[in-house]
Amino acid sequence: MGAAGPAWAGAGGGRGEGARSEAYARRLPPLPSNPDALRALIDPKFADDPANCPPAGALGAARKPRPASPDAAPLVRALALALAATVVAGAGVGMAGIKALKAHPHAFIAAAVGAQVGAPLAGAALAAANGLPAGLVLALLLSAGLTAACAWVWRDQLALCGGLLGVAARATTGSLVAASATLSVAGAAASALLGAGALAGVANGQLAASAGGGGPACKWQPAPLAPAAAALCALAAAWAAAAALASRTFVAAGAAGQWYGAESGGAAAVRGETAWTSLRHAAGPQLGTVAAAGAVTVAADALRAAVDSATTDADGRPTGFLAALAASLARGGLAFIEYLTRFAVVAAAISGGSLLASGKSATRLLKSVALSAVAVWYVPGLVLTTAAGGAAVLWGAAAAVAARGVAFPHAQAYVGGAAALSLFLMLSWLAGVVLAVVDALFLLFALDRAAGAAPQPDVAAALARVPCGVLVSQPDGGVAFGAGKRVTVAELDGGAAGAV
Amino acid sequence: MSDDVLTPLLGGGARYRAGARERTDARWRNTFVALLAAAAIVGAVSAVNA
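If you read the protein sequences in the order shown, they are chains A and B.
With the first letter of the first sequence counted as 1, position 432 gets the number 432 in my numbering; the numbers rise by one all the way through.
With the first letter of the second sequence counted as 1, position 21 gets the number 21 in my numbering; the numbers rise by one all the way through.
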């Protein structure tokens, strides 16, 4: 691809000119002199304008001067300030949230559900006050009503969720948050650098005038090997990001294991160990474990994308019943593989074993205690995401108000959106740590039950009411336990103790 | 439990024994590190050339 030089190279007439143009294409012009690279890649309409294409055979010819864009410096300053404030606020809000979960988990759940009901209600009131269409008001009211009804139907599950998150918050120590933050920053930096490398690979090339016809006036002509270089960097970036996420689960599970051991009277075995110990394991002797888990995630994502593109048309609709069925089955299988991988990472962090051996052990263990579903129970995640979303919306609104003096078109929308998104990402990341702790405590609890040992009392109290049932697919494609058959762990202990 | 990996966790009250220095994932680690190094070099060259 692209080995033949730009299409306009030979159109200039002279042979010398063509050869020079090809040499130019191979030289891979530096970014500052090739400012069209990103524009052409980001904005598809850019290539439609003949004024943006180099004229045939005339390199560096004067192009149509572009209208001066407004000075972005005030916006950049405001964005930087908002992001810095968000980092501070995110740390504060996150730690306050963990403290609140520790002290009053049920009140936290009630507040999260209340926010989910209250937000559409407030939206409906605002819409009605501003004379917006009645349909919108009605839809918002309906949404609030449905959420409230769901919360009422799920009140038992929400109470259980409060117990689970409360005990997980106790195990989410300061060193765990600090170690996870360090890990995530390092992972994000590595992925961003590799992603920038991929972008630089893609930007190797230039705009070239099309040969003619009714298509765009010019098209992007990649330099030789540029697509391969970009693909290599993109793969590495995806793998680094997935490995960083797996490491986050690993560190949280390791720290939860230490907490569980200490709380269960095994303090002598874990004295002096913190989440930093887990981080050292993830980066050292067990780097291969998290790398393998990341590879599974990347492969599953790639397969999912391949299945989606193979079974849907250009508009995203399934190409037929069989295709939809096959895609659904494939997605379910991939979700299950990711679920097992997650538990394998948790087990590897606790035991120090390899990914495959730990995965097999964890699967056997979970099967033996008939509790295979709780980890994919989506209620804790839903509650934490709702709380993060509510805080992010409020923060974004505050940032937008603070940015009203910035001299740039739509500055308030940019600053508010950036602040809300970054706070949401921070809090979602913290929620991910807490959810990994929930998974780890669940596995440790199952281990103790399988061994006939007395589990840590708080964890046992929180998990003893977890309902067990068959795995079902949710409307959003995720997998969760089915509520059709309500059996609690306490009942299992009484009725099916022989199975353990 | 006749489980090679998790059995050590259950004995002597020491439920947590991470970092047992398992080396079976070494090939994954080597592949991962090699790919990252290769991509870093290629990315740097691309950035210089772009």
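Simulated from the structure, these hints should not be mistaken for laboratory data.
Take the hints with a grain of salt, since some may be wrong.
Okay, the calculated beta carbon distance ranges per label pair [claimed, not checked]:
(1) Ile-337/A to Ala-34/B: 19 to 27 Å
(2) Leu-132/A to Arg-27/B: 23 to 31 Å
(3) Leu-146/A to Asn-30/B: 25 to 33 Å
Covered stretches of chain A, going by a simulated chain B footprint (3 or more residues, C-beta under 8 Å) [claimed, not checked]:
(4) 194-200
(5) 278-290
(6) 399-406
(7) 410-417
From the three backbone atoms N, C-alpha and C, an ideal C-beta is built for every residue, glycine too.
Quick rundown of the hints versus the structure:
1. Ile-337/A to Ala-34/B: 19 to 27 Å: At roughly 25 Å between Cβ atoms, Ala-34/B and Ile-337/A fall inside 19 to 27 Å, so the hint holds.
2. Leu-132/A to Arg-27/B: 23 to 31 Å: 60 Å, violated
3. Leu-146/A to Asn-30/B: 25 to 33 Å: 52 Å, violated
4. 194-200: Contact hint for the segment 194-200 of chain A vs chain B: holds, 5 residues under 8 Å.
5. 278-290: holds (count 9)
6. 399-406: violated (count 0)
7. 410-417: violated (count 0)
Hint violations for this structure: numbers 2, 3, 6 and 7, all remaining hints satisfied.
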